[in-house]
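Enquirer: Protein chains in written order, with the numbering used here: chain L, 1 to 366; chain B, 1 to 366; chain A, 1 to 366.
These are calculated hints, taken from the structure and not from any lab test.
Where is the CB? At the ideal position from N, CA and C, for every residue including glycine.
One or more hints might be untrue.
Claimed, not checked - Beyond 12 angstroms from chain L on every Cβ pair, some chain B residues (computed):
# : residue
1 : 37
2 : 47
3 : 163
4 : 211
5 : 301
Unchecked claim - To give a feel for the contact side, a few chain L residues facing chain B, derived at Cβ under 8 angstroms:
#  : residue
6  : 9
7  : 22
8  : 29
9  : 34
10 : 82
11 : 134
12 : 138
13 : 140
14 : 238
15 : 239
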Amino acid sequence: MSNPSAPKTNPGNFFEDFRLGQEIRHATPRTVTSGDVAVYQGLFGPRFAVQSSDAFARAIGYPRSPLDDLLVFHVVFGKTVPDISLNAVANLGYADCRFLKPVYPGATLNAVSEVIGLRENANRKTGIVYVRSRGFDQDGEIVLDYARWVMVRKRDETAPAPPEKIPELPKAVEPTRLGAACPTINAAAYDTVLAGSPHRFGDYQVGEKIDHVDGITVEEAEHMIATRLYQNTARIHFNQFAESKGRFGRRLIYGGHAISLARARSFNGLGNAFQVAAINGGRHVAPLFAGLTVFAWSEVLAMAELPGRMDVGALRLRTIATKDRPCLDFPLKVHARAGQRPDPGDGDDYDPAVILDLDYWVLMPR
Amino acid sequence: MSNPSAPKTNPGNFFEDFRLGQEIRHATPRTVTSGDVAVYQGLFGPRFAVQSSDAFARAIGYPRSPLDDLLVFHVVFGKTVPDISLNAVANLGYADCRFLKPVYPGATLNAVSEVIGLRENANRKTGIVYVRSRGFDQDGEIVLDYARWVMVRKRDETAPAPPEKIPELPKAVEPTRLGAACPTINAAAYDTVLAGSPHRFGDYQVGEKIDHVDGITVEEAEHMIATRLYQNTARIHFNQFAESKGRFGRRLIYGGHAISLARARSFNGLGNAFQVAAINGGRHVAPLFAGLTVFAWSEVLAMAELPGRMDVGALRLRTIATKDRPCLDFPLKVHARAGQRPDPGDGDDYDPAVILDLDYWVLMPR
Amino acid sequence: MSNPSAPKTNPGNFFEDFRLGQEIRHATPRTVTSGDVAVYQGLFGPRFAVQSSDAFARAIGYPRSPLDDLLVFHVVFGKTVPDISLNAVANLGYADCRFLKPVYPGATLNAVSEVIGLRENANRKTGIVYVRSRGFDQDGEIVLDYARWVMVRKRDETAPAPPEKIPELPKAVEPTRLGAACPTINAAAYDTVLAGSPHRFGDYQVGEKIDHVDGITVEEAEHMIATRLYQNTARIHFNQFAESKGRFGRRLIYGGHAISLARARSFNGLGNAFQVAAINGGRHVAPLFAGLTVFAWSEVLAMAELPGRMDVGALRLRTIATKDRPCLDFPLKVHARAGQRPDPGDGDDYDPAVILDLDYWVLMPR
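In isolation and in its complexed conformation, chain L is listed as follows (with noise of 0.2 angstroms):
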């Protein structure tokens, strides 16, 4: 039947929209409050001093407390989907994340892509597009740059395919880059106490894994007032009639969410990681189901000193979140639980439990 209303909707762009070079101004722009901090704060239950106190944050050298890095990263990333990943078979990867400039309550956030890099696949059907998205603030200054790479299917197997175009983008954000959106801090006045862990950054060491302990289950309810929260539209995670004929049976959880339920856990073992600074990248392993249990542990990858700054330090670390299976041991791969060393680029033989795999810069007093 004929459908008048077809041109009135958005039907997302498809691979053959996206031209290269292509910038794209994202709809819708956001004022972020206090009311979304707290919402973010029932649903996730950070403990970060930084960000929870405004006494504290400005004992420190802030003017108040910040918002959350990854509300600050959902908010944007929500804006992006309309535009980029309606049409997306999968995500496929984020790399060169970087936090710029501290976001505050009443901040007004928008959005712009630009495509970076397309691939047809051999099927024809799908398509890479690479897009280096950007958020900036009311002041129009960027507080958030980060490159992401998603499949997309095409309108039209027969569509001729672009030239092809991938970029090169860095394994990790280097130390030298970190840092812009953390004002030099009072790491003498940073109260550990307060804070409730006494290890600065001069008391980890790489290699050193840490269980996080803590499991968080979560509910349908709490996963979609988060991803509404974000104006994020993709329609696999709020619609059960369809879902529930398709692939999984349900709806599926954003992947941002597992993300943001792991930096919260993360605080038990890293609770002075006040901010994080960059993601390196990232893997949603598994898909994640209301029901279930989250867990998470991390390893420090790396330790860095950024130039010219006494007050904090760069921890990299890789932080790994399972479905219904705690994390004394550290589960990641198959192989790894026979005694091998993990190797991060060693392919799909994750620990089936396994549904993320980051890897990110956090930033700790000195």
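On the provided structure of chain L, position chains B and A as indicated by the hints.
Expert: Just chains B and A now, kept in the frame of chain L:
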């Protein structure tokens, strides 16, 4: 047994407690904040740019983002429940609902109702109460004005019937009475890319139908959080112990929840319909329960210019919400499926999936 | 296997870690905002006008609406959990809890506890720790002060027992010690119509019982959102994977959740009891789980004037909350059903539906 507490609790008003012309000042005054905006955002996920971004709102002439019109409606409506509909058998309808002043976070809302009609039913067990309810802000200015009628139980079947009075209510709000809650905007500064839809007032036409595509599943926690946010105390929404023995065996979702879900979904196709100016009438055709997925579609019933205003035009919409039924083919009446044009006034033969039939005016930039 | 992360995570304190007179400064400071108020509103639905409306609060002499007293209590209590009760077997009681200063949105709350008693149990596996916990605002002023005792596991059964000290705690807070958190109000300006109840202090009498009528069903998402909002980390509330193998087979709801539910329900019958001035004692008689419906009733245990104050009077209330059991006949003890007057001190023979037995003082306008 004796119940000495009876005088202290609120039994609600019964039919014979209402008097024509009676004015009822409702409890509880409520300061609505950016916190409420965030909770509402998390529950419904609206994306209309004017309400989402202070910067966007300022660019077109607002001092900041106003509250979502429906949040104002629900808060005012909620206040009337303990006095008007605690002993209601059924919510029969509303009419002539106009939004009269923009409401911003920080405003304190009050509500007053006047009894404008009474009609005892033939069975002498119930009667219909017509009220005009008005929401006021902290300056005593009217922000919302609507008529509503409900069927209310009698306490005592032998109580004498009041003089019958059925008020005349308009089928629809005249376009000349629209727009008071919308300041004159700078339509040229209205950025349709940021707003997420290229379609302005002139791009729509009468008779056009729009499938809003996206379905959203409702959870018990969500509708109860929403309804408590409005301080709406209607017991049927909250008490599974009682409802498990009741007509439906489960909690009935507040009808306004379906309105907010449909309105938020309507962004996909009506992205620039940034304000609800009036509600002409609405019918909760069937109950909604948790676990069901809500879809919606709209028809443009009429288009109107506003006297003396070149900045915005008004679309009269009929929005239909369904449960567990996508709206690609615009489900409405049973006959309609066979190809007949549905008649808005033709009775009860709704498609069994339809839950809401709402007739209202929205404003769009020209 | 070795667990190098053990030193970084918080194992909580065991019985032998506590010393009489020890002072524990708790993490994490928390700025409580209007966003938290909105989330709390959505979760519990309180309708006390002073906390709901800035305009109402100002009319009687507050600078604006204060936070709900119980929100303050839960946030302060939550801070004590990681240090005091992470290894608790049972929460045994609290006493002498006083609210000492009104708290407004924007305040930052901290907490400090002092160990005021210790007693090892005969089995040598556990001991009872008595603490006095105090909540402070950003100016270092005490806003809340209460005693609490918990049964805590020993790490090592052979660890020597500390000198036994059982603190003397009052059965009830003396009326002369009430009222610090309530500024002198203009009781004549207190509008009982707007507040939703005509009954002032003088309208109640000792021995009066009030059924609060309304039942409210609890969902998993709701109690977890609330408990995370308070940054309460007690694992039993969040981890279905672990609890499915535990004593109850499911997540146990934070006891304070039942208190907030009962308090919000008590509006129906105690609508002008606008402030909780003190908690004399409380007992979580039985666990509460998601899916159950909470009802409540109250008895007026005593009435008191406050020294030198004509504006407000104090009601000492005993509020009983039940699960899946309406309170029309005031369920309490098993004997009570047979017509005997229940004795507050007569032991464990509670009606199996009772979950909470709370003894507290509220303030009402005179």
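Enquirer: Run every hint past the structure and note whether it holds.
Expert: Status of each hint after checking the structure:
no.: 1; hint: 37; in the structure: violated, 6 angstroms
no.: 2; hint: 47; in the structure: violated, 5 angstroms
no.: 3; hint: 163; in the structure: holds, 48 angstroms
no.: 4; hint: 211; in the structure: violated, 5 angstroms
no.: 5; hint: 301; in the structure: holds, 15 angstroms
no.: 6; hint: 9; in the structure: holds, 4 angstroms
no.: 7; hint: 22; in the structure: violated, 13 angstroms
no.: 8; hint: 29; in the structure: holds, 4 angstroms
no.: 9; hint: 34; in the structure: holds, 7 angstroms
no.: 10; hint: 82; in the structure: holds, 7 angstroms
no.: 11; hint: 134; in the structure: violated, 15 angstroms
no.: 12; hint: 138; in the structure: holds, 5 angstroms
no.: 13; hint: 140; in the structure: violated, 10 angstroms
no.: 14; hint: 238; in the structure: holds, 5 angstroms
no.: 15; hint: 239; in the structure: holds, 4 angstroms
Violation of the numbered hints given earlier is confined to hints 1, 2, 4, 7, 11 and 13; the remaining hints are satisfied by the structure.
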